[in-house]
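Given the structure of chain A, go ahead and fit chains B, C and D with the ligands onto it with the hints provided.
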Amino acid sequence: MVNMEANLGPLKLKNPVLTASGTFGFGEEYSSLLELEKLGALVVKGLTLKPRQGNPAPRIVETPAGMLNAIGLQNPGLEFFLSKELPRLKNYQVSVIVNVAGDTENDYVTLARELSGEEGILALELNLSCPNVKKGGILFGTSAQTIDRLVRKVRQACNLPLIVKLSPNVTDIAELARAAENSGADILSLVNTLRGMVIDITTRRPFLGNITGGLSGPAIRPVAVRMVYEVYRAVNIPIIGMGGIVSVEDALQFFMAGASAVAVGTANFIDPYTIPRLISGLHSYLESENLSSMEEIIGLAHMV
Amino acid sequence: MVNMEANLGPLKLKNPVLTASGTFGFGEEYSSLLELEKLGALVVKGLTLKPRQGNPAPRIVETPAGMLNAIGLQNPGLEFFLSKELPRLKNYQVSVIVNVAGDTENDYVTLARELSGEEGILALELNLSCPNVKKGGILFGTSAQTIDRLVRKVRQACNLPLIVKLSPNVTDIAELARAAENSGADILSLVNTLRGMVIDITTRRPFLGNITGGLSGPAIRPVAVRMVYEVYRAVNIPIIGMGGIVSVEDALQFFMAGASAVAVGTANFIDPYTIPRLISGLHSYLESENLSSMEEIIGLAHMV
Amino acid sequence: MLSRARVTEITEITSNHYYLLLEDPQMARESIPGQFLHIRIRESLAPFLRRPFSIAGASPGEGTLKIIFRVAGEGTRILSSVRQGEYLDCLGPLGSGFKPLKGPVFSALVAGGVGVAPLLFLARTLVQEQKKVFLFYGASSLGELIPVRRFLPGEIEIHLATEDGSGGFRGLATALFEEALRNGLKPGEIFACGPRPMLQALAEKNREWDYPMQLSLEERMACGIGACQGCAVKIRKGEETGYRPVCRNGPVFYSHEVVW
Amino acid sequence: MLSRARVTEITEITSNHYYLLLEDPQMARESIPGQFLHIRIRESLAPFLRRPFSIAGASPGEGTLKIIFRVAGEGTRILSSVRQGEYLDCLGPLGSGFKPLKGPVFSALVAGGVGVAPLLFLARTLVQEQKKVFLFYGASSLGELIPVRRFLPGEIEIHLATEDGSGGFRGLATALFEEALRNGLKPGEIFACGPRPMLQALAEKNREWDYPMQLSLEERMACGIGACQGCAVKIRKGEETGYRPVCRNGPVFYSHEVVW
Ligand SMILES: Cc1cc2nc3c(=O)[nH]c(=O)nc-3n(C[C@H](O)[C@H](O)[C@H](O)COP(=O)(O)OP(=O)(O)OC[C@H]3O[C@@H](n4cnc5c(N)ncnc54)[C@H](O)[C@@H]3O)c2cc1C
Ligand SMILES: Cc1cc2nc3c(=O)[nH]c(=O)nc-3n(C[C@H](O)[C@H](O)[C@H](O)COP(=O)(O)OP(=O)(O)OC[C@H]3O[C@@H](n4cnc5c(N)ncnc54)[C@H](O)[C@@H]3O)c2cc1C
Ligand SMILES: Cc1cc2nc3c(=O)[nH]c(=O)nc-3n(C[C@H](O)[C@H](O)[C@H](O)COP(=O)(O)O)c2cc1C
Ligand SMILES: Cc1cc2nc3c(=O)[nH]c(=O)nc-3n(C[C@H](O)[C@H](O)[C@H](O)COP(=O)(O)O)c2cc1C
Ligand code: FES
Ligand code: FES
Numbered sequence: 080m081v082n083m084e085a086n087l088g089p090l091k092l093k094n095p096v097l098t099a100s101g102t103f104g105f106g107e108e109y110s111s112l113l114e115l116e117k118l119g120a121l122v123v124k125g126l127t128l129k130p131r132q133g134n135p136a137p138r139i140v141e142t143p144a145g146m147l148n149a150i151g152l153q154n155p156g157l158e159f160f161l162s163k164e165l166p167r168l169k170n171y172q173v174s175v176i177v178n179v180a181g182d183t184e185n186d187y188v189t190l191a192r193e194l195s196g197e198e199g200i201l202a203l204e205l206n207l208s209c210p211n212v213k214k215g216g217i218l219f220g221t222s223a224q225t226i227d228r229l230v231r232k233v234r235q236a237c238n239l240p241l242i243v244k245l246s247p248n249v250t251d252i253a254e255l256a257r258a259a260e261n262s263g264a265d266i267l268s269l270v271n272t273l274r275g276m277v278i279d280i281t282t283r284r285p286f287l288g289n290i291t292g293g294l295s296g297p298a299i300r301p302v303a304v305r306m307v308y309e310v311y312r313a314v315n316i317p318i319i320g321m322g323g324i325v326s327v328e329d330a331l332q333f334f335m336a337g338a339s340a341v342a343v344g345t346a347n348f349i350d351p352y353t354i355p356r357l358i359s360g361l362h363s364y365l366e367s368e369n370l371s372s373m374e375e376i377i378g379l380a381h382m383v
Numbered sequence: 080m081v082n083m084e085a086n087l088g089p090l091k092l093k094n095p096v097l098t099a100s101g102t103f104g105f106g107e108e109y110s111s112l113l114e115l116e117k118l119g120a121l122v123v124k125g126l127t128l129k130p131r132q133g134n135p136a137p138r139i140v141e142t143p144a145g146m147l148n149a150i151g152l153q154n155p156g157l158e159f160f161l162s163k164e165l166p167r168l169k170n171y172q173v174s175v176i177v178n179v180a181g182d183t184e185n186d187y188v189t190l191a192r193e194l195s196g197e198e199g200i201l202a203l204e205l206n207l208s209c210p211n212v213k214k215g216g217i218l219f220g221t222s223a224q225t226i227d228r229l230v231r232k233v234r235q236a237c238n239l240p241l242i243v244k245l246s247p248n249v250t251d252i253a254e255l256a257r258a259a260e261n262s263g264a265d266i267l268s269l270v271n272t273l274r275g276m277v278i279d280i281t282t283r284r285p286f287l288g289n290i291t292g293g294l295s296g297p298a299i300r301p302v303a304v305r306m307v308y309e310v311y312r313a314v315n316i317p318i319i320g321m322g323g324i325v326s327v328e329d330a331l332q333f334f335m336a337g338a339s340a341v342a343v344g345t346a347n348f349i350d351p352y353t354i355p356r357l358i359s360g361l362h363s364y365l366e367s368e369n370l371s372s373m374e375e376i377i378g379l380a381h382m383v
Numbered sequence: 006m007l008s009r010a011r012v013t014e015i016t017e018i019t020s021n022h023y024y025l026l027l028e029d030p031q032m033a034r035e036s037i038p039g040q041f042l043h044i045r046i047r048e049s050l051a052p053f054l055r056r057p058f059s060i061a062g063a064s065p066g067e068g069t070l071k072i073i074f075r076v077a078g079e080g081t082r083i084l085s086s087v088r089q090g091e092y093l094d095c096l097g098p099l100g101s102g103f104k105p106l107k108g109p110v111f112s113a114l115v116a117g118g119v120g121v122a123p124l125l126f127l128a129r130t131l132v133q134e135q136k137k138v139f140l141f142y143g144a145s146s147l148g149e150l151i152p153v154r155r156f157l158p159g160e161i162e163i164h165l166a167t168e169d170g171s172g173g174f175r176g177l178a179t180a181l182f183e184e185a186l187r188n189g190l191k192p193g194e195i196f197a198c199g200p201r202p203m204l205q206a207l208a209e210k211n212r213e214w215d216y217p218m219q220l221s222l223e224e225r226m227a228c229g230i231g232a233c234q235g236c237a238v239k240i241r242k243g244e245e246t247g248y249r250p251v252c253r254n255g256p257v258f259y260s261h262e263v264v265w
Numbered sequence: 006m007l008s009r010a011r012v013t014e015i016t017e018i019t020s021n022h023y024y025l026l027l028e029d030p031q032m033a034r035e036s037i038p039g040q041f042l043h044i045r046i047r048e049s050l051a052p053f054l055r056r057p058f059s060i061a062g063a064s065p066g067e068g069t070l071k072i073i074f075r076v077a078g079e080g081t082r083i084l085s086s087v088r089q090g091e092y093l094d095c096l097g098p099l100g101s102g103f104k105p106l107k108g109p110v111f112s113a114l115v116a117g118g119v120g121v122a123p124l125l126f127l128a129r130t131l132v133q134e135q136k137k138v139f140l141f142y143g144a145s146s147l148g149e150l151i152p153v154r155r156f157l158p159g160e161i162e163i164h165l166a167t168e169d170g171s172g173g174f175r176g177l178a179t180a181l182f183e184e185a186l187r188n189g190l191k192p193g194e195i196f197a198c199g200p201r202p203m204l205q206a207l208a209e210k211n212r213e214w215d216y217p218m219q220l221s222l223e224e225r226m227a228c229g230i231g232a233c234q235g236c237a238v239k240i241r242k243g244e245e246t247g248y249r250p251v252c253r254n255g256p257v258f259y260s261h262e263v264v265w
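Residue numbers (my numbering), protein chains in the order written: chain A, 80 to 383; chain B, 80 to 383; chain C, 6 to 265; chain D, 6 to 265.
Extracted from the complex, chain A is given alone in its bound form:
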């Protein structure tokens, strides 16, 4: 018998394949295509305190084996989420994780506090790839110091399992991972998108309305696997790995690099059944390799 459960410290999931924030909306759109209850967890799109319009069009562009997006955190805001989306989600037997973002530490703290009391939310994921308006727009996720301060404050404000999502646009991901761990993160998730841009050579201007965007998809997978590998050596808390996962083999790379669970983003756009396909594929893998649970392969690539 194969055990598919994912053990993420304080967070237990029925299986280790999650949606990546921002690629699955609040689940509604995909609910007609697949059973949400099959998901390891549904990580909803980035939520902010107030509703956000997001960035001007165009917001996406295809790139080699990937895409850039500059959605700009369009979302209906906390209130709407709590009054409309969350109750709707309760109709499904799906573990809900809320991804939150803010411009100030206070934004994050308020979001964490408000969400903390709510039934039906399993964990919080802090998206640190947001410009810190107090610090002149430098991203929260690019310095150990800002991560430390922010995570400590959020930690105090909420009693949910706390996932800190790391940005890959940094010189030393391991250092930032340690900062998050030391300041109270229960789980780390990585990677968010790589910053990139495309220039429209006919208009001779940046293609995206927002000028730059975030690169996701298979193109970034080697970078993501490397970062999971490095972070696994640096911390003792569980990791949710993501970045370009399309196939069971891709997911296995992340587990072997040290992830205890994986998330699927861009691949959902190409094949909406990616997540159920990976769940059953991982199940078959365990069976055919005579393994009893994913735990047996987590971090194997580090052995010598």
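There may be inaccurate statements among the hints.
With beta-carbon atoms standing in for the labels, derived distance ranges [said to hold, decoys possible]:
#1 E374(A) <-> R241(C): 52 to 60 Å
#2 Q89(D) <-> K169(A): 58 to 66 Å
#3 P158(D) <-> E328(B): 31 to 39 Å
#4 Q89(D) <-> L186(C): 53 to 61 Å
#5 E244(D) <-> E328(A): 40 to 48 Å
#6 D279(A) <-> M80(B): 25 to 33 Å
No lab work stands behind these hints, which were simulated from the structure alone.
Even for Gly, the Cβ is constructed at its ideal location relative to N, Cα and C.
Using the frame of chain A, we list chains B, C and D with the ligands on its own:
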């Protein structure tokens, strides 16, 4: 009449399409396929003071729209280069740029001094993506301070135009670009490869002998274009742009982002005629757009 | 729904337009004019994303759907070499479709380029509803004009334009349409699809004309189902404006809703 | 050289091996056994790199080259659907090839799996040089065995092995070969190609045997011409060891040169 010359401050080239270091050897292998004299410049593979064996196999692996390499700077060393490769290169009417690497500041300084006196070398390119053995293996190219010290010393030791090649594995490329400019770089080239890894799920170990490798090819192009764009805003010295260039359209993106010349790496492996194809394609582009030189499109994407 | 639809026919209809007939009974039954299919060109990382194509016709009886596409880049080039009998991974029908008025009004359809595709499907439906339909269709030159007559019922009045004057009226489809208005055409409703500048020009004119006018927009798409907000355009609803996904809230919007 | 070679034939020869006949007079003239072609599977970013394949035969007279390949992954899967009359972008002939001894020695060829491909070309050449040739060829099962007889002159003595015993000798080709040695075979030279563990085992045995033994190695390749050092393996030359590119200095090396 179209002028294809590239104006890189103290360095003038007959056209703006160079080879990217490490992907064209010392030119010999490609010389039977194409005329080296057509190249804007031949940037030779990374040279070190002493010969280097390089990393254990496997050294490369294909990834989505790209590849990882961990060659480990295999090269015959300075002496062999000066006595054998350079004289051979003099038989071609090709501009030679020497890419140098070292473990200590002294390595770089010695290389710069020795190469500086040599006829037939047009410029020096400093590869900063090497572990600084004195600083516990941290890469030279990841801190403004190490870049500053190193570039100043090299600047003093040589009178050739100095190209500083930046690594993309950093939080703030513009800051490092400014450091290189302030300490005496004449030209910047970017980007080098993104650090990544692939895990072989059958052996459950990292695929490459060196564990991690450098990601190159179209996969990284959006990141490279973004970095050229950011660096163009930050400095006043010319930029050689590279990272995933395959087509004329790709090259144009780099020019519009702010590059004064481009280099082609991985694409040579797929189509050895990429560089001549780009040179004539850029020529046709200028003609069809009624432009007199590439200068007219450099940095256009920054206009509002 | 996601389906593997069988290619029953692929034909070159101009030097760079193709006609694609897909077999998929359920999709054929469910499709309405204005909707689109999000097609995976092939099982490969290149091209990476799916490609959206309007449904140019659906026959529930035969269980087939029509697509008309122009070779615009790598994806459509590869699609043009698909062969009869092969299967295409299609997500759809997607989007909200046109909402024709009830009753016996005159319908004017204005199409630029391959934007004519969804209007061909719409035209058939309108004719079935006993409406009088006028199609104003323009392309850059004669060689680019899709032979639309063959996809349309005889009742429809077709007016052709080419920018270079090599066929029909010399000028844009919009100019041809405006001429018809000046000559007394009184449409009860207008439907348009084509390049963005064309739609924008129509929408601006319509602030004066004030016809019920529906536009089918194009935007880059990832998911195609409203989950990623990648294809969002600015839409006005009453006093408020906000971004709405073309793939789900559109691709058809009323002209006064779109903020250009 | 870089060339667009015409596919004159593509045939399935086992459930996952294909025979490919390419037309390219110059390449056919220039190729020698042990060399390979570096083939761009299709004009697309996926698969990204070229794929190396040994030349399994070349007929300067007909201007054709043979390739025999196994479907191992995405690239070879796509290659298997290439059609007669299409063109393949080939770089080659590349590499250094086998160096048979002069004179009338017995030649033993040891092949594992699709590693037999370059040995088929070599075998023909050896026979032309009036040598007596023995081929020891093994695969995992009967269904995996390429029907090599049809690619070889009748003079060659073929010994087959399968790991599961479903055809010929039960066991590895190397075991079959060793048995022949024990039974008195005295080869003047040995050529081998196959999976790395097989070649390594042969090379280790050969430290004792001390035959002139040439091995054709495989390594991941990017440029295929010696420029990137991506395919380097550790090679011993006299007292020194260093990395040498398989694509240029190999793929054929003497067994005592390779550092495993
Ligand atoms: C709702 C909708 C309906 C459409 N209906 C039709 C149709 O019936 N017939 C037809 O020929 N074309 C139609 N298009 C346009 C069609 O989707 C593009 O021509 C096609 O995606 C181009 O792909 P490519 O790989 O050939 O071009 P490339 O330029 O190589 O594509 C690169 C990327 O840009 C996107 N892209 C390029 N052009 C467009 C465009 N005009 N709109 C949206 N995305 C684009 C592609 O999807 C891809 O992600 C429609 C677009 C939309 C949004
Ligand atoms: C000199 C040489 C001669 C060869 N001759 C033949 C031959 O005659 N017939 C034949 O069937 N195969 C031969 N091979 C192996 C063949 O190149 C691989 O099977 C093929 O590249 C696999 O590509 P893929 O996309 O199907 O597999 P994938 O596993 O998807 O390929 C992924 C990447 O790994 C590389 N790769 C995978 N397997 C190998 C391998 N064994 N050797 C080198 N690179 C590999 C691919 O080239 C590609 O870059 C030869 C290899 C070399 C180096
Ligand atoms: C369209 C889009 C929107 C995204 N929105 C968010 C978001 O709101 N919050 C967040 O933390 N990450 C967001 N991401 C990043 C993904 O969650 C994920 O980290 C990244 O895309 C890498 O995974 P992938 O390659 O599987 O897509 C978004 C990604 C995409 C493509
Ligand atoms: C096989 C290989 C070897 C390389 N060796 C070097 C090197 O020695 N020195 C250096 O500065 N960059 C080296 N690079 C980086 C390239 O010069 C270039 O910066 C990078 O590959 C991005 O360009 P591309 O995507 O066009 O390949 C190497 C790249 C590859 C693929
Ligand atoms: S394409 Fe994702 S919301 Fe429209
Ligand atoms: S593949 Fe580049 S040196 Fe062999």
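Going through the hints against the structure:
| no. | hint | result |
| --- | --- | --- |
| 1 | E374(A) <-> R241(C): 52 to 60 Å | holds, 53 Å |
| 2 | Q89(D) <-> K169(A): 58 to 66 Å | holds, 60 Å |
| 3 | P158(D) <-> E328(B): 31 to 39 Å | violated, 52 Å |
| 4 | Q89(D) <-> L186(C): 53 to 61 Å | holds, 57 Å |
| 5 | E244(D) <-> E328(A): 40 to 48 Å | holds, 43 Å |
| 6 | D279(A) <-> M80(B): 25 to 33 Å | holds, 28 Å |
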